[in-house]
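Line by line, the protein sequences give chains V and R. The first sequence begins at 1 in the working numbering and counts up by one. The second sequence begins at 1001 in the working numbering and counts up by one.
Worth flagging that the hints you see were computed from the coordinates, not collected in a lab. Every clue listed holds true.
What follows is a list of derived Cβ distance ranges for each label pair: (1) A73(V) with Y1025(R): 46 to 56 Å; (2) V47(V) with N1041(R): 50 to 60 Å; (3) G190(V) with L1008(R): 21 to 31 Å; (4) I1253(R) with K112(V): 26 to 36 Å; (5) G1156(R) with V293(V): 19 to 29 Å; (6) L1008(R) with G59(V): 51 to 61 Å; (7) C1181(R) with W71(V): 51 to 61 Å; (8) D1228(R) with S270(V): 14 to 24 Å; (9) K112(V) with Y1025(R): 22 to 32 Å; (10) P33(V) with F1198(R): 17 to 27 Å; (11) F1198(R) with S270(V): 27 to 37 Å.
Note that beta-carbon positions come from the ideal geometry of N, C-alpha and C, so glycine has one too.
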Amino acid sequence: MTTTSPTVARRRTAARGRAGAAVTRPGFAWAVPATLFFVLFAVLPLVLVAVLSFTNWNGLGSPEWAGTANWRALIHDHTMIQSLWLSVLITVLGVVVQTPLSILLGVWAAGKQRNRAILSAVYFIPLLLSATAVSVLWRALLDPNFGVPAQAKWLFGNGNLLGEQKGAIGVLIFVGAWQYTPFHTLIYQGATRAIPPVLYQAAALDGAGRVRQFFYITLPQLRNTMITSMILMIVGGLTTFDTVLILTQGGPGTDTTISAYYMYQQAFKSFNFGGGSAIALVLVVIATVISLVVVRVSGYDKMRSTSEGV
Amino acid sequence: MKRRPNFLAGFGSLVWLFVVGFPLYVMLAATLQSQSDYSENGPLSFPKHFTLHNYTQDFSNGFGQYFLNTVLVTVAVVALVLLLIPPLSYAIVRSNGKLSTGAFRLFLLGLAIPAQAVIVPMFYVINKAGLYDNLIGVILPTAAFSMPVCALVLTGVMRDISPELYEAMAMDGAPPWRVFCQLVLPLSKGGLSTIIVFSALQAWNGFLFPLVLTQSDSSKVVTLGLYDFQTEHGVDIPSLLAAVVLSMLPIFIVYLFARRALVQGLMGVGGK
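Chain V on its own, in the form it takes in the complex (with noise of 0.2 Å):
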């Protein structure tokens, strides 16, 4: 940020001291259409779904009121603490696996030599695809009759992955990992371009070899992007929703019931919307107070440098 910073001034001074008010300036009428769109198709429903948790809706009718009915039966819902708890699980399980490989995949993408860029690409390829294609190819493919588990026995056992708790759990962190793992990556690679050269030159005269300068340089260096990217992937890791919906259907049981799509099933298998809403609204606070925690304890809300004393 440091960096930024003085040319931001000197334009700003120009601005003002060459042209100054002979500048006309769009005013708030061009930002209208969009933010009007914006409020009514995303603000105004999130409103809304604080409002509909306290009616009883099946769908159908008109909602009703029903005052604090619903959050009443959440608290007292084994289910929906069972997929609190399932979701922070998958999510933390989810950042523990993809932040030290999108981390290592980053800084070594962020090389030079042309075989990177090619495999970098290479890397790309799961991004592309949509979550339901992802879930689609990878149940195919575990598939325990005419799968891979039933041709690599020695691999898989009986081969029936997504029959048991911690096998299903599993898949779902390693088809979360195969998709997202490459976005980070993405991530880790540009900020490791960005730290100055200089930094390795110096230490490198001081005689510390490739792995202290990961641990003293470059890691301090990322600091920014991983809170950035760790964000990313508490937010996404609590509202995954496509891959359990087709790979596992929340089973076996309720086993990988998370409470995305536990709010899902509630609203619109049980037609009961009210209950769906107060569990979305617990996951939109969740999802925000986590954020704000993460931004608060890091110090990145005062976008403090990471290129402090350079």
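Fit chain R to the given chain V structure using the hints.
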């Protein structure tokens, strides 16, 4: 500075290449053989008798219609984003008003809203508006949810246009709309390509809104077709995987084509 090659990292990257590439290979190989060959020889074998039967079968199962619907949704979403976001970003970057700053904050906040959070009220609103099971009902929320990132990207690009250029336009007495059309838009080509690619990707791969807001075959999109196909004929893996390949083919073509446009656009901004 001379560095010896990092064999460990190179090896690790090859392992990841295998993790990414192997499933894609198995998928492609599966789609090129008949179902009986696939179940007989197993998923790890190389296809002995090549056939495109799986692909043609998908089209006779209605994939053509789904494709058409997805194309419609994607084009409409990109059009909406292109119509609404550039003026917004222009106002955010160039207007002095507090309202524009407020609009920017709103879109930043919008980055954190997950689509699942609003799916129940969206179902309610779209029903009330009489747009249930209508592609318009899918297009509107899909466009709204791809707008925050697009606004962020384009605002960043427009910030980099040098103030001297605005001053030069001002000397000519150009009103805002001329500045917008003759200066801002041409210099934001790179950013515009980025938001086109991004919103197209979002629309093409969208699943939750179509799942909840449509019902009949005539308004089904590709992702939904895939999902249905799996629940109905999940045993025919080769033709299911052919459907997966079909669903991603257009995105690949757009990506290959757009990558060049992206680079050119970025060079246009940098080489002023």
